[in-house]
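There are 2 protein chains.
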Amino acid sequence: MKMLINVPESVVTDALRGMAAAHPELTVDADNRVIVRRDAPVADKVGLVSGGGSGHEPLHGGFVGPGMLSAACPGEVFTSPVPDQMVRAAAAVDSGKGVLFVVKNYTGDVLNFDMAAELAEDEGIQVAKVLVNDDVAVTDSTFTAGRRGTGATLFVEKLAGAAADEGAPLERVEAIARQVNENSRSFGVALSACSTPAKGSPTFDLPPGELELGIGIHGEPGRERRPMMTSREIADVAVDAILDDLRPRNPVLLLVNGMGGTPLLELYGFHAEVQRALTERDVAVARVLVGNYVTSLDMAGASVTLCQIDEELLRLWDAPVRTPALRWGM
Amino acid sequence: MKMLINVPESVVTDALRGMAAAHPELTVDADNRVIVRRDAPVADKVGLVSGGGSGHEPLHGGFVGPGMLSAACPGEVFTSPVPDQMVRAAAAVDSGKGVLFVVKNYTGDVLNFDMAAELAEDEGIQVAKVLVNDDVAVTDSTFTAGRRGTGATLFVEKLAGAAADEGAPLERVEAIARQVNENSRSFGVALSACSTPAKGSPTFDLPPGELELGIGIHGEPGRERRPMMTSREIADVAVDAILDDLRPRNPVLLLVNGMGGTPLLELYGFHAEVQRALTERDVAVARVLVGNYVTSLDMAGASVTLCQIDEELLRLWDAPVRTPALRWGM
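Taken in sequence, the protein lines are chains A and B.
Using numbering that gives the first Met the number 0, read the first sequence as starting at 0 and increasing by one per residue.
Using numbering that gives the first Met the number 0, read the second sequence as starting at 0 and increasing by one per residue.
The shape of chain A in the complex, shown without the other chains:
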């Protein structure tokens, strides 16, 4: 697999140098691997810190900015960042009002954010944590005990970030993050595996003519493999898998997310089928996002995330945000 890189060892550092040059509104420390809002710490505001393995861009670095994350810590590709990065990020964004760690449910991330929380508290920073585990496809996986954290991460970071920007205290920001995660469910499919720079070849073998249902964001196996399906059929499977687990009574936020290698032309077409499937099942969609937000390098495929909302969450969704990847209202 050919890649637009120098050497596999420098991929993350090179990308951070590129982010630094592209986004003067962020402070990007490529050596220590921390991306911070340039105006941090913002007085009297709870800090929001997330992070995880690289290879899911724009998650998380592309979600740093007013109205969303205060800082992000990228690890090596598909590898958890280390506690030092997280402590450094917490210290950079803490205004004295505390910091919320948004943690996707992968074993390495959970362990390292736990350790970082202890270290940060030793330094006098109040820390709360929220675990994102929205993927209905599998319980336990290659990298996870329990459900994986995938597309809902975007909703958690946006909605809790908006609450933090409004001046909510740590307990409230944490409660919103927890509510968003509990109200969110995801399901993804892969048409091709992804290739990591270190391995240089696909992470698993997906034969021509087959797709993998219930895929995660690291090329780990999903729920089952099937002969190739139409966009319409895939939308039905994804929506049914989600609604089997959470039947929304209220309108939802909908994320139709590309895994990286699927053209936007196909993704919009898939979105049309997801909308049809939701309409047929009497689920009302309040807001939509279609695009590549929580990716898996060059994997072809898509995921669907629903988040059941109330008036308060809708208001937080519509609140202004200004990050490299998500931007409106300012």
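Derived from the structure by calculation, the hints contain no laboratory data.
Predicted model, so just to flag it, every value in this text is computed and none were measured.
Subject to a maximum C-alpha distance of 25 Å in a straight line, what follows is the list of computed BS3-like cross-link-like pairs (lysine-lysine): (1) A:K198 <-> A:K1; (2) A:K1 <-> B:K1; (3) A:K1 <-> B:K198; (4) B:K198 <-> B:K1; (5) B:K1 <-> A:K198; (6) B:K96 <-> B:K128.
According to the in silico footprint, chain A covers these stretches of chain B (three or more CB under 8 Å from chain A): (7) 200 to 212; (8) 261 to 268.
We put the CB at the ideal spot given by N, CA and C, even for glycine.
Place chain B on chain A using the hints.
Leaving out everything else, chain B in the frame of chain A:
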């Protein structure tokens, strides 16, 4: 090649249905294949209409909105839209101040926009046209007499769109579009070919271990094929090819554009190398955009576009824009 579609015949219509559901701020006519700002025609404003083959998303539909295009006409994949679409778009956006057609230099597009301009003028709409032909890689190609239109299209649409929004008359909007095109140059590379839905397999054969320099946006052949190179080497080749043709004296706008299949992680790393190459050659960068904007379905690769600017063009670049793919300041 597996695709997230229903049948190849409905790919564009399905995508337009998906766009319609995702973007209530646009009027998307999926049957007639015209995407229009919902508030069109805007009183006393020149209309900006573009279009071209589908498969380059978010170009052009993703650039419709305040501060950029008034309307876009998507053709079949890699196939020019027809004059009927363009006339319909012109009629929808004309406030009486006239319409500018932004035409990428491909034979079919040029012919059809010419015909549409005549038809629109017959209906009493004043029409001007600007041809975008920024690609320095090849003169004449599979689909073009003269140079191809690629990444500069984004600059033309943004800067002329900003001028139109400020109330500039048609002659002025046209002059700005022409100036932007004349001041812009692009060069692209492909690491893999793309696959069209109709063909279902790669449009050309690119062996493992080789890349194609000077690629266009349709999988048509480029300037030469070489053994695989590093990101650093590719940046040097692309920047030199551009600077051989246009040596900017002023600062530039820089677009580092992904062709669709290259992960954002790699694209940011490539951007770091392009910045280095420009610094070494004493080219000052005023503004940067890194992302997938003018794509070629699932092709892996990237292109570099420079646009030499003055204070007026910089001001127009910074002016507010609100479209699905480009959004700031409002």
